[in-house]
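With the hints as your guide, set chain B onto chain A.
In order, the protein sequence lines correspond to chains A and B. Using our numbering, read the first sequence as starting at 1 and increasing by one per residue. Using our numbering, read the second sequence as starting at 1 and increasing by one per residue.
Straight line, CA to CA, 30 Å or less: simulated DSBU-like cross-link-like pairs of lysine-lysine:
(1) Lys350(B) / Lys215(A)
(2) Lys33(B) / Lys113(A)
(3) Lys350(B) / Lys68(A)
(4) Lys166(B) / Lys532(B)
(5) Lys215(A) / Lys351(B)
(6) Lys128(A) / Lys301(B)
(7) Lys351(B) / Lys120(A)
(8) Lys79(A) / Lys92(A)
(9) Lys512(B) / Lys532(B)
(10) Lys204(A) / Lys350(B)
(11) Lys361(B) / Lys92(A)
(12) Lys68(A) / Lys8(A)
(13) Lys79(A) / Lys361(B)
Covered stretches of chain B, as calculated for chain A (at least 3 residues, CB under 8 Å):
(14) 37-46
(15) 102-109
(16) 208-215
(17) 242-253
Just so you know, the hints here were simulated from the structure itself, not pulled from any lab data. Cβ atoms here follow ideal geometry from the backbone N, Cα and C, with glycine treated the same way.
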Amino acid sequence: MAEEATVKIYRGDNDSGELVEYKIPLAPGMVVLDAVHTVQAMHAPDLAVRWNCKAGKCGSCGGEVNGKPKLMCMDRMDKYPAGEPITIRPMKSFPVLKDLVCDVSWNYEVNKKIPAFKMKDTGGEEPKFSQEEADRVQEFRKCIECFLCQNVCHVLREHNKQEEFAGPRFFVRAAGLEMHPLDDENRLGLLKDELGLGYCNITKCCTEVCPESIKITDNAIIPLKERVVDEFYDPVKKLLRVVFPKS
Amino acid sequence: MDKYQTFEYDVIIVGAGGAGLRAAIEASASGAKTALVCKSLLGKAHTVMAEGGVAAALRNVDSRDDWKVHFRDTMKGGKFLNQWRMAQLHAQEAPDRVRELEQWGAVFDRTKDGRMLQRNFGGHTYPRLAHVGDRTGLEMIRTLQDKGVHQGLDVHMECTIRWLLKDGERVAGCLGYQRESGRFVVFRAKAIVLATGGIGRCWEITSNSWEYTADGHAMAMWAGADLIDMEFVQFHPTGMVWPPSVRGTLITEGVRGEGGVLLNSEGQRFMFDNVPEMFQGDYAETQEEATEWVQQVIAGKQATVRRPPELLTRDVVARAIRKEVRAGRGSPHGGVFLDIASRRTAEEIKKKLPSMYHQFKELADVDITTDPMEVGPTCHYMMGGIRVHPETQESTVSGLFAAGESAGGMHGSNRLGGNSLSDLLVFGKRAGEYAARYAAETSSLGEINADEVQRVTAESLRPFDESDGENPYTLHEQLRTVMQNLVGIVRTDEDLRSALGKLEELREQTAKVKVGGNIQFNPGWHLALDLKNMLDISEAVTRAALERTESRGGHTREDYPGSDDEWGKVNNIVRQTDSGIEVFREPLPEMPDELKQLLKSE
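Bound-form chain A, shown alone:
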C-alpha cells in the first residue's frame, strides 16, 4: 500500500467556503500542487487551481500552505510532518474567485501606471553595458509575478492601501526600469506620489517569501527610497528648484 496523506483544501468563494478534507496516495518527491491535482483527478474534478510550468518559473500557483505563502509546485510534501493534515488555502490578500483561485487583476492595473522602458538615445550606436550593470537589474527581472510579496505585505494585507500603494512587486518592477543602464525615463515622482513608496516601512516580509530570492527590500525598495529623497528632499536641489523653477 502506498502511503497516504491528508490535505484540507479551501472550497468556496469570497463570501463563503470551508476546508474540505481529502485523502490521497503519496508518491516520492510529491509537491503540494501534485496533491491538488490528485484530488482533482480522484475526488473533485471541479476544484479550481491555477498552474502552468510546475517548475517555479511562471508564478501561477501561489497559495498558503499551513498558513505560509508558497508556490505550490515547489513545496515538497515530505517537508511537512508525516501523518498530519496539510492545509491549503488561497492567497489571503486577494478576493477569492473560487477555491484556490484569486482575483489578481488589481496587479495588472497597477502595472499599467508604471511608464514603460524608454530607450536612451545612443546616437545610432549599438547599446553597450557591462555584465555587472546587467546583474543589478537582472535580479529584479527574475520576478515571476507570483504576487506572494503582494499577499504578505501588511500595507496591503492588513491596511488595504490598494488605492495608494503599488506593493513590493511593482517597486521591483520600477527598480528594474530605474536602474536599467539604457532607460531614459524618470519614475521617482510617480513612486513618491502615486505608488506610495513611503508607506513601506521595510519589514522585509516580501523578501522572506520571494521564491526567486530577490532582495526586494534591500536592493529595490531602499535604493528607490534613497533616490526619491535625493530627488525631492535634497536641500541643495530644493533651493535650485526655487531659483530655477523650470530646470
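Okay, now just chain B, sitting in the frame of chain A:
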C-alpha cells in the same frame, strides 16, 4: 438577454505567448483594433518556460556566423523538409527582432565588451543564442508583455477559444468561454491569428503545461485549414526522470552548451558513437578535442576545434539516450547521466544555470554542482502545425493566420534549440503585420451564424447532463498512455494502427464524458472540452506518422529505419474531409539555386 457576450475587433490574436504578443504588438502598431485572448493570466504562457536562448546570427561572439550559416544549420537540423522560404526569412530577420527586444528594454547577458552574449547550442555551428542565464523566455515574455500593455491593446485573460466561425470561405470570428464565469463569448474580427502553441499534453511524459492541448491545430483543421508535417513531434533529450512528480520537466540544452556531458551507467560518453552520417566530420572525435572546445569557448575565444557530440541535434541525442537505456546501460530511474559538475566550477554553474540548480536541489534533492543529473527524453515541441504562407503567415483559410509553435513548416522534421524563440519573434511580427493589413483591406466584419454559436455552446455544455460517462481525467490519462506507448519516439506500423483503434474507442467514451459542479472555473469541464482537440490532433499525428514510411528527424520508424530520398521530397498535409482526417502528399517547394548552393557549401 443574449446568452453570450460579443466583442468586435479588427484583429484577434489567440494566445499570449511570445508569438501572440509579438503579433499583437505589430497589429496594434499598424493601427488595427487588436485584442489578445489567452487561457492563462498574461505573462504565464509557455514562452515563460523557455530556458536556453534565442537563436540569431548577431555575430557578437563569433564573426564567422551570418544568416547563411544559420539557414544551413536550420535546414540541416530539419533534414531538409523545412519550408525553405520560412527558414530563410527566419535566419535573415532574427537578428533585427532580437535587437528590437533590447530596444524595448530586454536585458540579455553581456559579452566582455558590453554586447549581447551568445551561447552554443545543439546543431548551431557557432555560438548563436542570446540568453539570460537559463530564463530567457521570462525575459522575453515580460519585455513583450510590457511593450504590448503600454501600447494599449485589449487583453482578455483566462478565456479559452473553442471554435472558429466562418462567413462563407473567410474567417469571421471565434467562440470561447470565460474560464472564471463559464460564460460564452464571441469575438467578431476581420482577421484572426492563432498563436496557441503546441500539443504536448497528448503524451504522458512531457515538458508542456496544461495549456498545450492542441487548440489552434484542432480549430484550424475543423475550419478547413491544412496542417503540415504533423508526424514530427520533438522529444527533447533531457527531461527530468526522477522523482515521478517532475518526470518530463525540462532541463535546458544550455547545460550541454556550457560543457555538460552525457554518460551511461558504465561512465562512457556514448554520444561519440552516435554521430549520424550527415554530421560525420562536424563533431569532435575524441574526449580531448571536445574538452579543448569547451575550454576555448569558456575563455571567450573562437573555437578552432570541433564541438562535442553532446551538441548534436535533439532528435539524434534523444534516440541515442533511448538506445542506451534499452541496452541496459541506463541510470537507476531509466535515464542516463548528464554531468556538468565535473566540467565547470560550482560558482559558474550557479551563475549560468541558476534555475537548473534550484530545480534539482528543491525537487530532486540533487546538487548539480557536485552530482550528475538523471535525464531522459520528454515530449517538448510540435514541429508540425497550421500550414501557412511563408511571408504572410496566412493559412489556407482566408483571414486566418498562424504563428509560433501552432504554425508548421519552419522547422521541417526537427527543430534546433533556440530556433523557437526566434521563430515566434520573426513570424509573430509577420503574422501581426499581415493580419492587420488583411483587416485594413476588408471593409466589414463577416456575419456570425447564430445557429452555429448555439450548436457549439450546447455541445460544450453537454458534459454536465451526462449521467454515467467517464471522468475526463481518466480519459486524458488513457489518451496520454496510448500516445506515449504507441506514437512515441520510435514507431511501427503495428503500433500506429493499434493507436488509431484506441483513439477511436476513446473518442466514443469522450462523447459521453461527464463532469460535476457548475460552469464557474471548473477544470474538469475545461479538460472534458480539451479532450476533443487532443483526440483529433492525436489522430492527425498518428495518420501522418503511419503514412511516412521512413525515419527522419523527430519521426523514427523501427520498421523503416533509414531515410528515403523520395520521402525527402514531400511534406505530408493533413486535412479534414467528409471522410475524416486524411493525409495528402505535397512536393516541397522548389528552392532557388543560390540557396541550394548554400546547403552544399561547408
